[in-house]
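Q: Okay, here's what each chain looks like letter by letter:
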Amino acid sequence: MKNMWKVGIAVLLVLLITSGAWAQEDKFKVYGFMDVNYIKYTILKDESFVRQFGSKDHSFSLGNVNAYFDFKPGDNVRGLVELGFNDGAYNHSGSNGTKFVTLYNGVDLQTAIAGLQAQAAGLRTQAAAATAGAATFAGFGLTDSAAYYTGLAAQANAGADQYDGAAVGLAAGAAGLSDSEAKDTRRTGGVTIERAWLELYLNDHFTLRSGKFITPAGIWNVDHGSPIITTIGQPNQTDFFPIFPIAQTGVMVYGAHWVGDHELGYTGYISTGREDEPGSEIGAIEKVTDFAVGGHVSFKNEEIIDKLEIGASGYGGTLRDKYMEMEITVDFADPNKVAIMHNDVVQYEGREIALGADLKVSHMNINLQSELNYRAVTNEFGGPGTEAFDGKETTYLAYYALVSYDLRLTDNISLTPYAFYEHIGWEDPENQPYSTLASYPLIAWDQYMFGLNFGLFSNLHWKVEYVYGTIDEQDPAITANNYSGDDLTFARFQTQLTMAF
Amino acid sequence: MKMKISNVIKKTILIALIAAGVTFAGDYVVIVNPSNGLSSLSKGELKRVFTGKMKQVDGKKAVPINFAYDNATAQAFIPEVTGKDVNKYKKYWVEQMIKGKGTAPMIKANSAAIKALVSQIPGAVGYVPAADVDATVKKIDIN
Chain A
2 MKNMWKVGIA VLLVLLITSG AWAQEDKFKV YGFMDVNYIK YTILKDESFV RQFGSKDHSF
62 SLGNVNAYFD FKPGDNVRGL VELGFNDGAY NHSGSNGTKF VTLYNGVDLQ TAIAGLQAQA
122 AGLRTQAAAA TAGAATFAGF GLTDSAAYYT GLAAQANAGA DQYDGAAVGL AAGAAGLSDS
182 EAKDTRRTGG VTIERAWLEL YLNDHFTLRS GKFITPAGIW NVDHGSPIIT TIGQPNQTDF
242 FPIFPIAQTG VMVYGAHWVG DHELGYTGYI STGREDEPGS EIGAIEKVTD FAVGGHVSFK
302 NEEIIDKLEI GASGYGGTLR DKYMEMEITV DFADPNKVAI MHNDVVQYEG REIALGADLK
362 VSHMNINLQS ELNYRAVTNE FGGPGTEAFD GKETTYLAYY ALVSYDLRLT DNISLTPYAF
422 YEHIGWEDPE NQPYSTLASY PLIAWDQYMF GLNFGLFSNL HWKVEYVYGT IDEQDPAITA
482 NNYSGDDLTF ARFQTQLTMA F
Chain B
3 MKMKISNVIK KTILIALIAA GVTFAGDYVV IVNPSNGLSS LSKGELKRVF TGKMKQVDGK
63 KAVPINFAYD NATAQAFIPE VTGKDVNKYK KYWVEQMIKG KGTAPMIKAN SAAIKALVSQ
123 IPGAVGYVPA ADVDATVKKI DIN
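So the protein lines, in turn, are chains A and B. If you use the working numbering, the first sequence closes out at 502, no skipped numbers anywhere. If you use the working numbering, the second sequence closes out at 145, no skipped numbers anywhere.
Simulated from the structure, these hints should not be mistaken for laboratory data. Every value quoted in this text rests on a predicted model; they were computed, and no experiment measured them. Idealized CB from N, CA, C, for every residue including glycine. This list has only true hints and no planted wrong ones.
Dumping the calculated SDA-like pairs for lysine to any residue here, alpha-carbon to alpha-carbon at most 20 Å:
1. K90/B with H364/A
2. K63/B with F207/A
3. K45/B with H263/A
4. K101/B with T208/A
5. K103/B with A257/A
6. K101/B with Y69/A
7. K103/B with H258/A
8. K55/B with L201/A
Quick list of simulated restraints, FRET-style, between CB atoms:
9. V260/A with Y71/B: 26 to 36 Å
10. A132/B with L265/A: 28 to 38 Å
11. G61/B with V465/A: 42 to 52 Å
Using the sequences provided together with the hints, build the complete structure.
A: Here it is, written out as structure tokens:
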């Protein structure tokens with residue numbers, strides 16, 4: 002009896018230790034992924050078109066650091082925010098860590114932006130601008146720099162009714178540009194909101210989601226994170242020339258239905274449309290017809306073979322780009338009398354549709370993933386002077402195939418060799434004069450990737466990859482250029498360490 | 003005297019450890035909260051619960067609970083129910099997480115911890131060795 006209290010304490014201690022924390026499911030979680038990349042181009046001529054996309058230096062950099070903030074305030078409600086910090090060329094994901102130099106009218110982009118920002122510093126003309134008379138300015142603001150007003154007066158006196166403030170700003174900036182400033186590398190990275198949405202679960206067949214979401218099209222765009230993508234590089238059709246919008250802001254519904262072991266899934270959405278290229282006006286809806294609609298349907302089964310997933314995607318939306326014009330009238334007799342009028346000016350308007358099919362098959366450790374995507378953009382208004390292209394169409398056709406084989410070396414280490422091929426081509430890019438593609442002397446882009454993916458503990462991967470790409474040039478009769486041979490090829494070796502946490 | 007106390011305590015600790023944490027490979031039953039109206043789940047439904055595709059059971063939010071992955075019970079349950087070995091199952095949940103579709107089910111080290119959670123959470127679904135089932139949880143059949 003004397004020892005029973007000791008026995009009781011021992012039992013209680015053991016039970017407490019072995020039972021662990023009896024916590025409910027966490028309502029708030031933070032997780033994410035990150036990757037570090039090394040790249041070295043082995044083919045990249047200075048004279049080539051592709052030179053602007055890469056650096057000839059060895060490049061070792063942090064790629065993605067994405068953090069997910071997952072909140073479940075109730076059983077049927079969930080919120081998710083994914084923030085992405087990207088130090089490389091591509092904001093979406095799969096960064097190759099490339100830094101590249103962008104020259105804008107001979108001036109590096111940072112200096113050009115600084116010049117434009119200087120122009121936006123004030124809203125009222127200085128006395129010296131009395132010589133300008135009446136002029137219309139693209140963009141905001143005025144500055145009191147002598148170079149600015151010299152250009153302003155010259156254009157007004159020449160009878161111009163629109164003043165391109167950017168040209169003078171850039172010229173003034175270029176005059177004082179040092180060699181080191183001109184060579185300054187330009188990251189396109191930063192912090193981005195990859196997605197941020199709230200959703201309401203009603204049942205497995207119907208969930209309502211609102212906010213910014215990754216477009217549910219195909220396979221790669223949805224996967225999007227380096228720990229779960231087999232390769233380092235991404236297909237151009239989901240990143241550099243996205244056939245479908247990478248992400249959209251709107252309302253989505255999704256769900257699934259099972260017939261035996263067959264899963265039939267669907268997603269449908271209405272949104273403000275594309276946000277990832279020139280001609281995209283984020284968040285603005287002028288008319289009801291500006292709304293974009295789209296969706297994805299899928300069939301999945303894991304009984305016929307190890308894994309079979311077939312899907313189809315569709316999207317339709319409006320492209321519009323406009324700026325606010327500030328019309329300023331200065332009274333010559335009394336420069337302090339200034340009248341200001343704001344006008345919206347549409348620079349480009351078009352409509353687009355995109356269609357896609359996707360396939361993912363796995364059996365006996367062999368994996369095949371493929372997508373076929375098509376996009377058509379119709380020019381409805383290309384701005385003054387481009388009326389000849391109104392109503393004309395530009396089309397894109399893209400496809401890729403990824404083949405890999407999973408080898409399990411030990412319980413925690415796997416090795417996946419892979420091969421990837423992608424083709425993306427477009428026809429009649431000149432029909433969208435506002436698009437960047439219209440000025441590119443290209444009509445197609447092919448890339449090949451070969452590599453090894455070492456998997457460690459399911460959430461850590463080391464990838465080693467060789468990429469080779471070729472570009473087809475546009476008919477010189479349409480776009481004059483001198484590109485040939487190696488001007489249109491590139492190759493790089495890259496390696497990536499990526500981890501989910 | 004000291005020797006007797008030590009032996010008693012040692013034996014008691016050993017019995018408590020056995021009651022709290024022993025599992026047996028390949029022999030498991032699926033358990034739910036006693037308030038759950040279900041008497042059975044199909045294998046397909048159970049797979050969907052543990053892969054996050056079925057989010058409700060008996061009208062309640064489904065909360066699947068796994069044994070630690072290195073536990074023999076988990077190594078028997080996961081491949082048989084999900085069709086994936088444990089490594090592929092872990093990889094599956096990493097993919098779901100990156101895609102924004104949710105995070106892996108809770109993991110507990112032993113039957114006592116799993117039963118404690120299942121008895122507290124209305125929609126909880128877990129699995130334990132048959133010998134560990136008691137009145138705090140409800141056993142259901144798998145069709």
